[in-house]
Each structure stands twice: as structure tokens, then as C-alpha cells.
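J.: Got chain A sorted already, so can you dock chain B onto it with the hints?
From first to last, the protein sequence lines are chains A and B. 1124 is the number of the first residue of the first sequence in the working numbering; add one for each residue after it. 1124 is the number of the first residue of the second sequence in the working numbering; add one for each residue after it.
There may be inaccurate statements among the hints.
Simulated crosslink set (DSS-like; lysine-lysine; CA at most 25 Å straight-line) [what the hints assert, rightly or not]:
1) Lys1291(A) with Lys1482(B)
2) Lys1303(B) with Lys1292(B)
3) Lys1303(B) with Lys1474(A)
4) Lys1337(B) with Lys1315(A)
Here chain A is said to cover these stretches of chain B; the calculated rule only asks that three of the stretch's residues, wherever they fall, bring their Cβ under 8 Å from a Cβ of chain A [what the hints assert, rightly or not]:
5) 1224 to 1230
6) 1504 to 1516
The set of hints was computed from the structure by calculation and includes no laboratory data. C-beta: ideal position from N, C-alpha, C; glycine also.
2 protein chains.
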Amino acid sequence: MTSILEIGKRAKAASFIMAEMSDTDKRDCLLRVAESIVDNADRIIDENKKDVVLAEERGTSPAMIDRLKVDLKKIEAMAEGVRQVAELPDPNNELLETVTRPNGMIIEKRRVPIGVIGIIYESRPNVTADAFALTFRSGNACILRGGSDAINSNTAIEQVIREALSKKKPGIEESVQLIKDLSHDSVNELMKMRQYVDLLIPRGGAGLINNVVKNSTVPVIETGVGNCHIYVDKDADLNKAVPIIVNAKTQRMGVCNAAESLVIHDAIIDKALPLIYEALHEKNVELRGDKRVMEILNDSKDVVSATDEDYGTEYLGPVISVKTAFSLEEAIYHINRYTTHHSECIVTEDKEAAETFLKRIDAACVYHNVSTRFTDGFEFGFGAEIGISTQKIHARGPMGLNALMSYKYEIRGNGQVRP
Amino acid sequence: MTSILEIGKRAKAASFIMAEMSDTDKRDCLLRVAESIVDNADRIIDENKKDVVLAEERGTSPAMIDRLKVDLKKIEAMAEGVRQVAELPDPNNELLETVTRPNGMIIEKRRVPIGVIGIIYESRPNVTADAFALTFRSGNACILRGGSDAINSNTAIEQVIREALSKKKPGIEESVQLIKDLSHDSVNELMKMRQYVDLLIPRGGAGLINNVVKNSTVPVIETGVGNCHIYVDKDADLNKAVPIIVNAKTQRMGVCNAAESLVIHDAIIDKALPLIYEALHEKNVELRGDKRVMEILNDSKDVVSATDEDYGTEYLGPVISVKTAFSLEEAIYHINRYTTHHSECIVTEDKEAAETFLKRIDAACVYHNVSTRFTDGFEFGFGAEIGISTQKIHARGPMGLNALMSYKYEIRGNGQVRP
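In isolation and in its complexed conformation, chain A is listed as follows (with noise of 0.2 Å):
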């Protein structure tokens, strides 16, 4: 097995030959990757036979399966995101700012690739698929980490991925490199790894942010976990509040931009909450309250106490915690005490209290009359995403691939000193 020090040198090594990269060349070999994914998909899916059988028999959740199996139906579809990235614009190079000092040099700021980009991922196999694309389309070079869980998958994927590349353009296949130790060991050292690591993306629970957002010594962007809220202000349009609260809440539970909690003004709770409360239930909702909120529906069914502890949490499931708040001062207070500065929501006619929300509330992406299931790369019109950033430093929101660039200063002169 390759030592992780050795894989942090080839995707080093390989991420010099990434940059100088043309951009027909990083489209063609994505494009060729995509033909040799559907090419390969016996061998694939074979290989996640293995994984499925060893997941059973630990007993993993019919849910964990459905996300951890591969078919044929799957395979098109990493496919065709593969190919998706291929035709997106090549940032690298771009021109973002020139200027010619009084001297006479002249400095042009461009985009150029990070480097090396870890991504510490788990059981979706289609993530490695995923996580090359957009590394190789911004010509970066990646190590990838991905789940004990899918590691048959994840080894014959990047097999597949990297037999493409050789055949395309022998060496390049170094650019991808995915770690097949399990060990916490192995993913210790890459976290500390900084003389081949620039930037480290943690995709998936909680639990595995932490653990690199505070162990890691490589940069991190964190990543994902979103405590979405949704405020329905006195001034609200009840036609749009409910729709958008059924949809933030329901047309996807499991995921970062599903809205967790709502957030319902005093003046209008009383109008507003039974018509919430029976769209919801229709969609089999629990809904968790304070005390107003206990006192309109009383003896409702699916309808509990709120504690302390369901304002802070992320349920990714059918639980929705609801908080009276006697002014759009104090909605913006809890929501700033709550939020995970991911995506926060506020429904009203007022353009006032809108503008007034959008700029007091620390998150990301803030809404006005739209549902926070929009933050996505896709939806935002970025063509991909690498993830969804809830910090403020170098990417904040859906990550396109220029989050995946950084930039250089290039000053031409003709012999200038500094007096």
C-alpha cells in the first residue's frame, strides 16, 4: 500500500503538470473518464457488490444501502456529471485585475489552481467521481478519503478514473490518488500533511467536520451542516409562508438546506400556525414548540415541547422546532444564537423588516420570500459544487469551481527598483 507521505508527493508532483494543463485537455480527459465509467460499470458495480454484502451483514439500515448501492442508473448519472464538469469553463488563467503603477510595471492579478485539494468524504461512492471531476476540471490535483464503507467502490472507480487518464495522457493519472489505508492513522497525517496539502474539504456528518476542522494543520473549509431557519414575520403572505415552509422543510429531508427550525412572529402566530401545523402534518411532520406554540395546539397530535436543545439541532428528518418571537429584533437574535451560517429564510411584505433581516442575519445565504433549499451550486446557476462552505473565510455558500482556485500576482517590468 502507498505510504500517505508518498501519495502527498505524487499528487504534489502531478498538481505542477495540472497547472499547465490546457483547457482542451483537461475537457478531453474528463470526457474519456466519463466513457470509461459506463465502459467499466460491470466492473464497478461488481466491486460495490462487495461493499453491499459487507454492509448487510453489519446490519447497516436499509437507508445506509440505498445510498452506499450502485446500479446501472447510477453509473450514467457519475457519468454524466463527469461530463457536466468537462464542459464548464476553464477559470484557470482568468484575468481578474490589472493595474500599471506609476513606475511603469505593470500587475496583473490571475486565477490559478490551488494545488493539492484532500477531500475526506463517506459511503457514496459517486462522490469520488464527483470530487475529481471538479478538482481536475479547476486543475488541481486531489487525495481522496473517502468511507471504509464503499472503499471496494471508491478503489474501482479511481482505477477506472486513473486507466483513463494514462491512456489519455500517461502520468497525468497521478493527479488523482485515493487513499486506501482506513486507518485513523492515515487520515491523521494527511490532516497534518502540509508541505503537499493546500486545502482539505471535509464532506459529510457533524462528526467528521469536527474531527478535521480541529485536528487538521492543512487549511479546512468547513462545510455543510445547516440549522436553517425559517421567520414568518407579522407582515408575512401566508400563501407564500406555508408553500415555502412545506417545501424548505419536506421536498427533501435529509439534506443541509432543509430548514430545521421556524420562527414565527407573536402578531400572527395565532392566524398563521394551525395552516402550518396542518401542512406539515399532512406530510407527517413533528412539530416541537414553545409554550405559545404548545398553547394554539393543544392536544394536536405530533405536536411536543420544545427544549434548549431542539433550537440547536439539525434533525435531517420529519421534526421541525417552533419558537414564538415577540419582534423581528428578537427573531434575528435567535436566529444569529442558533444558526450554523448556512441558510436562514424570512417571509414578510415588509421591504423594510426584509432588508433589516438580510443584512443582520450571519449566515451564508439569506432569503427573502424564497425557500432555503436553494442553496445549491446547481440552483445558483454555478454548473457544479464541491460543497457548501458555513465559514467566511475564502468560500461562504455553494462552492463552484472557482472556490476551488486561488490567484498569483504576475508584475512585468523592465527594471524597476524600489527607491
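T.: Okay, now just chain B, sitting in the frame of chain A:
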């Protein structure tokens, strides 16, 4: 003494007020602070004298005492620095991108302050005023942790700033928090306080920076270390090369953008090296060279053999290492091996060689026929500088006000839900 946790809480609370402050208010506050610094010159100088006496008692070097000492001229320079920052345009709320999606929702990407920025620095008390001004102008709150040798000076400057702010806009003085607890524990606590601190910028020597990079769980921007190279290509114009080398090495020795190493093409070294030696020797610079260099300069004064360690050393003084390269490729390989990713220069009349160098060298600033000493926020026209980033995440190279900003997405609609 206020606890570090309490300092974090207060700074975070202040950051929300800062984020909403108008351009005019921020400007006026800074101008008032500049005035107060001058008005309180005696008080600051008196407190500074205590630090100087203590430093002398400890046997501190005259050079260090000189950096520590504050006199009327330095007070005026400090105030002028704050005034200049006051006059910079406000980056807050700047519209970076806007797009109307097919469903009618409008996405605006706007610049917003990062929040709370911690700055850990050494000796020079002017950094206290400087770092405050930059974070304040960009709408951030700051937590400052200066060196123990300047604690009385830093405390006096912080008090003058806070008094001026509280007179101008009561409460806003909480946006600047100096840590007076000089224990290691206080720095450690600051570096782990993710809930209140959004970014840490260490400013100082390699030891300080490495400590922060290794131990912080708060995102860090690495600054400063510069093992900068000048590569004299075979097609170099020596009338440009020699002045650039002398400028980059000797115009100011103790700074991060000073040259520390020369790489000279074998085809030109016989002609170039004696001229370079003569010019540097006149400035009392010692050369540490490889075999080829020793052959050419045999028996010359102040020329010694270089070790491998020399090529990795940032001397910050009158020494420079010299290496022979037999090709452009070898020069690039050598520089990419020893670079600290700060500033690197090629001197050549061959445009193609220059472009290859600029593209392939992995550094924040790459120069063609220009001294590396220009890597500086003021020289780049940013009007200010909080430091020079040598990493690729968030900000690279000289960091002006925009490096202290994040962004957020504001999405406005009329009830859009995700299909």
C-alpha cells in the same frame, strides 16, 4: 483582568454593530482616533518608557530597543497611518455579482466583514494602532494580542483608541479588545475560540507564525516568511540584473520581501557573478555559493561555501546564497523546492523564458525584471496592508482591506419553492 472568553464574547457582540456602521461613521471614528493619538502623545510615550526600561534591564539589543521605542515622530506616523486608512473607500456591502435565475429569484453576492479578527504580533507598538485601523475600516471587530515587551505601550494605545471611540459612539469601543493576559494559556485559548473568532492573522517571525498555524482551530492566514529568489537567466541584461539584486537584497535587509538567494544560469555566470559580487560586497553582503561560484570568486573576501541549509534560510541580514543552474528548468525546480511562496523574480530579455517562469513558479508574487521589494500593499496601490499572505486560501500576497472581507448571498423572491 477580563477573561479571554469574555473578550471573545464582547468582540463578537461588537462585530454585529460594526457590520451595520455607515461609511461616514467608520471614517469619522478613525479620524477622531488619529487626533486622540496625537493629543495623548505624552501618555503613550510615558508608558512606552516603562517598556523600554524593562527591555534595557533584560539586556535587549539596541536594534530591538529601537523598534520598541515610541517618540513624537512615531506617534505622528501612527496617527497618519490611521488617517490614511480612514480615507480608504468602504468595502462593505459592495455588490460583487448579481444574477436573476430562470425562476425569477435574484441572487446578489455582496461583500461583508468577516466578523472578529484576532491578530497576534510581536514588539512594535505601532501594530496596535495599525491593525485596529484596518479591521475597523473594514467593519470588523478585533482582538489584539501583542508581545509582552510592549504591553505598557500597547495598553496605553488601546486605551486612547477606546476612549476616542466611546466619546464618538458609545459602545463601539468594544470593537477593539487588547488581551493583557500574557500567559501562553491566553494565546492558546484565543486560538481555540472558534465560536467568537472568525480569523487569526499572526504577524511576526517564523516561530510565532508556525505556532499559530499548528495550534489554531480558528482559520489562520499565514503571513510573512520570505525566502525570495532572483534568477539571472542566460539572456539577462546585467544592467538590469545588478541593480535589481542590489535593491532586492540591500534596500532594506530585515524585511520579508528582501532577496535571500540568487540563482544564476551557467552560461552567464562567468560574466555576471564578478559584477554582482562587486556590487554586493560594496554593501558588505556575504555570498554563500556552490562549487561553481567558489571557482569563479576564489579567494574573494566574504565568499564562503553554501550548505543545503543555506538555500532554505531567510537571513534577514547581509548574507545571500548563490546557486548555479544549468537550465531554466533547473532554476524553476530549485526555486519551487526552496520557495516560501512569497516573491520570486526572473531577470531576462527572453520573453518566453519569463512567461515560463511566471507561470511555473508557485509563489504569491512572480516578477519579470522587477525587484521583489515591491511586494507590499502600498506599492501595489491597495492604500494599506495587514500583512503578506504566503498561503493560497482566502488571500495571497499583499493583503489590503478586501482581504479582511467575506461575502454573503442575498436572495430575493416572491414565494419561489424548489420543484
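J.: For each hint, tell me whether it holds in the structure or not.
T.: Here is what the structure says about each hint:
Distance check on the hinted pair: lysine 1291(A) and lysine 1482(B) sit about 24 Å apart at the alpha-carbon level, within 25 Å; holds. Restraint check: the Cα-Cα separation between lysine 1303(B) and lysine 1292(B) comes to about 24 Å, which is no more than 25 Å; the hinted pair holds. Between lysine 1303(B) and lysine 1474(A) the alpha-carbon distance is near 45 Å, which puts this suggested pair outside the 25 Å criterion. About 9 Å separates the Cα atoms of lysine 1337(B) and lysine 1315(A), which keeps this hinted pair within 25 Å; it holds.
For the stretch 1224 to 1230 of chain B, the assignment as covered by chain A holds, since 3 residues bring a beta-carbon within under 8 Å of that chain's beta-carbons and 3 suffice. Residues of the stretch 1504 to 1516 of chain B with a Cβ under 8 Å from some Cβ of chain A number 4, which satisfies the need for three, so the listed coverage holds.
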